[in-house]
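Undergrad: Dock chain to chain to rebuild the complex, using the hints, since each chain is given by itself in its own frame.
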Amino acid sequence: MLQITRSPQVFDVVVVGSGAGGGTAVKILTDQGFSVALLEAGPMLNPAKDFKEHVLPYQVDHRGAFEHAEMYFGRQPKAFGYFSAPNGNWTLPGEPYTVAPGSEWRWFRSRVIGGRTNHYGRISLRFSDYDFQPEDGLSDAWPVTYDEMSPWYDKAEGFIGVTGTKEGLRTAPDGNFLPPIPPRVHETLIQRSCRKLNIPCIPSRMAMLTKSIHGRAACHYCGQCGRGCFTASAFTSSQAMIFPAMKTGKLTMFTGAMARELVADGSGKVTAVSYVDKATRTERQVRCRAVVVAASACESARLLLNSKSPRFPDGIGNSSGMVGRNLTDSVGYSASGYVPALSGMPRHNSDGIGGMHVYVPWWLYGDKQKDFPRGYHIEIGGGFEMPMLGSFAGQCARHEGYGKALKDKIREEYGAFVHFAGRGEMLPNKDSFCDIDPQRVDAWGIPVLRFHFAWSEAEIKQVRHMEQTFASIIETMGGQVMGRQAEPQRAISTGGMIIHEAGTVRMGSDPKTSALNQYCQSHDVKNLFVCDAAPFVNQPDKNVTLSIVAFAWRASEYLAEEMRKGNV
Amino acid sequence: MSEEGVRSQETGDRSLGTRRDLLIRIGAAVSLAAGAELLPAQEAQHVHQAVAQDKAAGPYKPKGLTAHEYATLQRLADLIIPADEHSKGALEAGAADFIDFLCASSDDMRDIYTGGLAWLDEQMKHRYNGKDFLGALPAQQTAMLDLIAWRKNESPELNPGIHFFTWARRMVAEGFYTSPIGMKELRYMGNSAMAEFSVPQAALDYALKRSPLV
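Residue numbers (our numbering), protein chains in the order written: chain X, 1 to 568; chain U, 1001 to 1214.
Next comes chain U alone, as it looks inside the complex (with noise of 0.2 Å):
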């Protein structure tokens, strides 16, 4: 696309980049201040030992979710949000792990899970010869969430599944967005250390050109 590149071009010489650097950067601003009561500089860089590493990443094991729950859960995940040629998806990115997170430790959110999972569940098996969601062939999968990913279908019979659905499609696109994948697809760059603030020419541009207002 054509933005790339544009941080380089336009803010490279200001932008010091890196989150490692960033915490060069404060450790020395710290030192600097002498005469406040400051955070000491290793004790900076101690707090933010984990972002300067990727979490060891094994195979996730549920931990609020049966094995067929989560299962469920994850092809869910990658029904919402997919893969698609700008980036991986919520499934790639471990949006159903986090979910099972908070399943295991909040009653409240497991019911919801639980409770949405089995009624998903019952709903195929009674229109598809006894298969359930996963059993499900993808076609028969779509059917059901054309059914019950949208408010126009308020009915008394399909109410639980939108209202399930409506949990699920929120928490996996936030745990998709905030996800390492997720904040590359929308490519934050944020949250680094910056020696001055200064916007790019090109994406000023880009707006006023394409606005009312030149």
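So that you can see chain X by itself, here it is in the shape it has in the complex (with noise of 0.2 Å):
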């Protein structure tokens, strides 16, 4: 029989998962003093070696098409590219999932300590009243109100750091902001032509510092958020919450850590994760009081449908039948326009933060014209961004030939494009889940995950709302929507595509139609909480991981008031 090394140590609680909701459980926990064992599935993040925010793409011999030019054949090591900060892939070596007949999906995970913090885009909206409290009665209600989770998102942008202006919107809840940043040349013209068309355009809601809190350094403006940030002005989870945790010596870290199986006693608590040490491929088991999987939304449900025993065989805390379930992404679709008065303009650096400085909440609440429910936010994008493999593929193919008429094109277009993408809100539906495949297994011998997952009519009408709202807003700046327009059915993101998985553990106040109460903790099991995107009911219009901090931070609250208590 198969030796299995158990920790000699029970901690009091094991994290596993090191992104937004890991990192904020870890740093909870730690800074009340519980000691606290974290799993992390990749490895060891060093910023000094693995961040690249300040090398020119002529620094390296490749340029960015990465050593053996992966980069024009589409089988980039980094999914978004060479320069980018360790993240993760479409594709795992040794880690498969499948996806059933008739379904599209793409997942993206994250292996590497911070996980996906490391390099997303820090957009940072608050869910709304509605969001949580659907009035249209399309999704089901969240056990927790706008007004009790408002304090905590106020603890988790004080924390992060959050840029933005108080607007009153309803669509649009106003935070604990840092001063906004100014917007760039084409960000003011976006901004005139959506007032012509009675569309908000308001500051954006990044997770940037425009100025110093919690000992990390106000931004320097590069322009590179994404690749990493040396001075963490740039919110990641590792930096900010883990690195920190560190040195409190209540954390103790296991890297190349798969978790496989949530293992409990007779009584029906964890008593223990087990995991795969990847680099010696032998099974342990870290022993704990409870347990917060932050996994990522797919991932948790998958840890949770393989902890399968006698007293929970259809896996831990699943006696709803509802892990997996409800699965959604953000809707996508983008566009890009040419603006002839951006051409030519006189250059000057218009990096700023890593994204963008100004953008588009909903603004069609309750309208009653629109024939699709729910809504969506526009992200923009343009200016004179650095030159990188990539950037003029499109110039080329579209102006063709050759010699000075090209260059020319080239010079005069540069800085004169701008950029949209719409992020809607999917309504969960009986055909988006994911389950176990019986047949595959990982390399580590894991059973793998299978997706299925289907657009609605609901997503394809907003996709052909947004096409025509992108379209408005170019022409009244004067500018030509680039490309030929599909059909919204064949616009539209393929599902997992947004990387905004959610909703395959979701909370609820009724165990029989939901895994998790109204602190991310087990119906079944009152010493297992899940902290990521997986509790989430809905995917409201604003990106997660905002909510993923504010949801971690509260549950973290309410985990470490348990055990002080007794009950956990």
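These aren't lab readings, by the way, just hints derived from the structure by calculation. Hints may contain errors.
Unchecked claim - In silico EDC-like cross-links for lysine to aspartate or glutamate, where the CA-CA straight-line distance does not exceed 20 Å: (1) U/K1184 / X/E413; (2) U/K1184 / X/E412; (3) X/K461 / X/D431; (4) X/K409 / U/D1111; (5) U/K1152 / X/D431; (6) U/K1063 / X/E67; (7) U/K1088 / X/E412; (8) X/K404 / U/E1092; (9) U/K1184 / X/D408; (10) X/K409 / U/E1085; (11) U/K1061 / X/D61; (12) U/K1209 / X/E67.
TA: Encoded structure:
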């Protein structure tokens, strides 16, 4: 029989995963003096070696194509390019997943301390009151209201640092903001264009520091937040939460540790987390009083579903049958425009923060004219961006030819493009879920996920609305929409592509129809908490990370209190 | 050009300018940020050492292509992005070196270039009394490019050349615009340190005046 090494120490809490949710749990629990073991399936992050925010393409022989030109053949080892911060990829060696016939789904997974927070877009939007308590009856109510969550958003924003302005919009609740960043030239044009169209376009809410807080330096506006930030001016759970927690003496790190199963005792409580140490391919267990699963929505569902025992035949914490169900991603659609007014503009440094300085929150809540439910926000791009491999492929293909004519065109058009990305709400549907593939295991012998996914007509119609809106904004500023517009059914993102998976271990008041209570605590197993986007009942048109931090913060304080009281 | 100097007038008081300053500022920011597990200043300096130095520039020796293939590619680079009154071109910027480097490390890439360049020589020899691309007159070279640089000329006879030229044009452009010469041609000024972000009024006025939004 396989010898399993058990940790001699019983930790107060084992946290599985080191992204936004796991990082928050680690921070709160170590701050309060609990002993925490952190399991991360990937390696340690070393910003000094791993971050390339100030490297120009020509300082690398392959210019960012990767050593064997992988970028040019669609097989780059890092999904967002050579210069991106360590993140993960659409495929991971030895870790397959499957997609059911008739479905399309792509699953981005991160394997590194900090997870996806090392490179994410850092758009930080509160959910609205109606997101928690839908008034249209098209999805279920959350077991918590906006008013109950607002103080936790305050804490989350106060800690990670979020830019913004008070606008008084119901679709974009105000927060605890750092100063905003002035709009770039194309962003001012877009704001004026939107004003003509009665569309709000407000300062963006981004987790970058416009002034120094908590020992993290203010942004120096080098414009490359996605590559990581030496000064931690752009929020990452690794630099802002986990590295400081390592200094408390309360945190024990297990990297290269792929969680296999939550081990429960006869009373149904989790007593240990079993994991595969990837370096030695041996199974080990780390013992605990409580566990916080924060492995990302789908990976957390997988861990619960794979934790089967006579007491939990359908997976631990799954008496409702809801684990794996209600899978959602944001609706994605993007378009670009060429704006002659920007052509030949006096050159200047427009880098700013790595992302938009203004954005369009949803503006048609309650509108009776539109033919789809729920809404979307619009993300904005453009400016004199760093020339990169890939930056000129579109112009070469469009203008063709060669010589001085081509060179003149590229010079004229530099900085004259604007980009719009719609990120909309998908309603949970019965055809979108993940379960365990009965046929396949990964390189560690762990059964893999199988995805089932379908957009509904609601999302397709939403994409048509995005397309028309983007075209109006571009044309009102005198620009031309680039490229021929595909039918919405084809232009909509593939499920998973926007990397906002949520809903697979949903919370609710009724243990029959939900897996977790309002504190992200399992209805069935009192010392089991899930702290990523898996608990989210629906997928509001507001990126999930800020809410992951707020919910994980609230859950961690609740867990701490319950442990102090002896209830867990 | 009129926009020269906008940077120094409009942002000179705020922009901290050079990349060396950027490194110093980051070092200072890191040492101020006590309590957080951040990069020690000297390590940041070490990581960025290359930034302050120009790369040693010796004559490039092709590693993936033959001397003839490399010379032909250099000529193509010169034709695709030539020197003009604004800046030098892709030849001087080493676009062919970048492509050769990738041909040396990627069989897929080398096949594209060796195959494409061989097709080009073969076509030229056929059309111009046995002269390959390099040996042909400039007018003969551009006559061939006028055929393969446009999708409208697609035909079974020309498709291999059009396919190859699509690769060569894109990669020459990318090799050029990501080089120091190409970045200067575009006058990319970012990835440096600013104490606070601001937009030059002259740039804003320029765009607003030309837009229908005034």
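Undergrad: Decide if the proposed pair is consistent with the structure: X/K404 and U/E1092, CA atoms, cutoff 20 Å inclusive.
TA: 15 Å, holds
Undergrad: Is it true that the CA of U/K1209 sits at most 20 Å from the CA of X/E67?
TA: 46 Å, violated
Undergrad: Take the C-alpha atoms of X/K461 and X/D431, compute the straight-line distance between them, and say whether it is at most 20 Å.
TA: 18 Å, holds
Undergrad: For X/K409 and U/E1085, compute the direct alpha-carbon distance and say whether it is at most 20 Å.
TA: 15 Å, holds
Undergrad: Between U/K1152 and X/D431, does the CA-CA distance stay at or below 20 Å?
TA: 45 Å, violated
Undergrad: Has the given pair, U/K1063 with X/E67, been kept, meaning a C-alpha gap of at most 20 Å?
TA: 14 Å, holds
Undergrad: Next pair to validate is U/K1184 with X/D408; report whether the Cα-Cα distance is within 20 Å.
TA: Between U/K1184 and X/D408 the Cα gap is close to 14 Å, so the pair holds against 20 Å.
Undergrad: Hint check: U/K1184 vs X/E413, CA-CA at most 20 Å. Holds or violated?
TA: Answer holds: U/K1184 to X/E413 is near 15 Å, not above 20 Å.
Undergrad: Would the pair U/K1061 and X/D61 pass a check requiring their Cα atoms to be no farther apart than 20 Å?
TA: 14 Å, holds
Undergrad: Are the Cα positions of U/K1088 and X/E412 separated by 20 Å at most?
TA: 17 Å, holds
Undergrad: Is U/K1184 within 20 Å of X/E412, Cα to Cα?
TA: 14 Å, holds
Undergrad: Can the restraint linking X/K409 and U/D1111 be considered satisfied, given a maximum Cα separation of 20 Å?
TA: 30 Å, violated
Consistency with the previously given hints fails for numbers 4, 5 and 12, ordered from lowest to highest.
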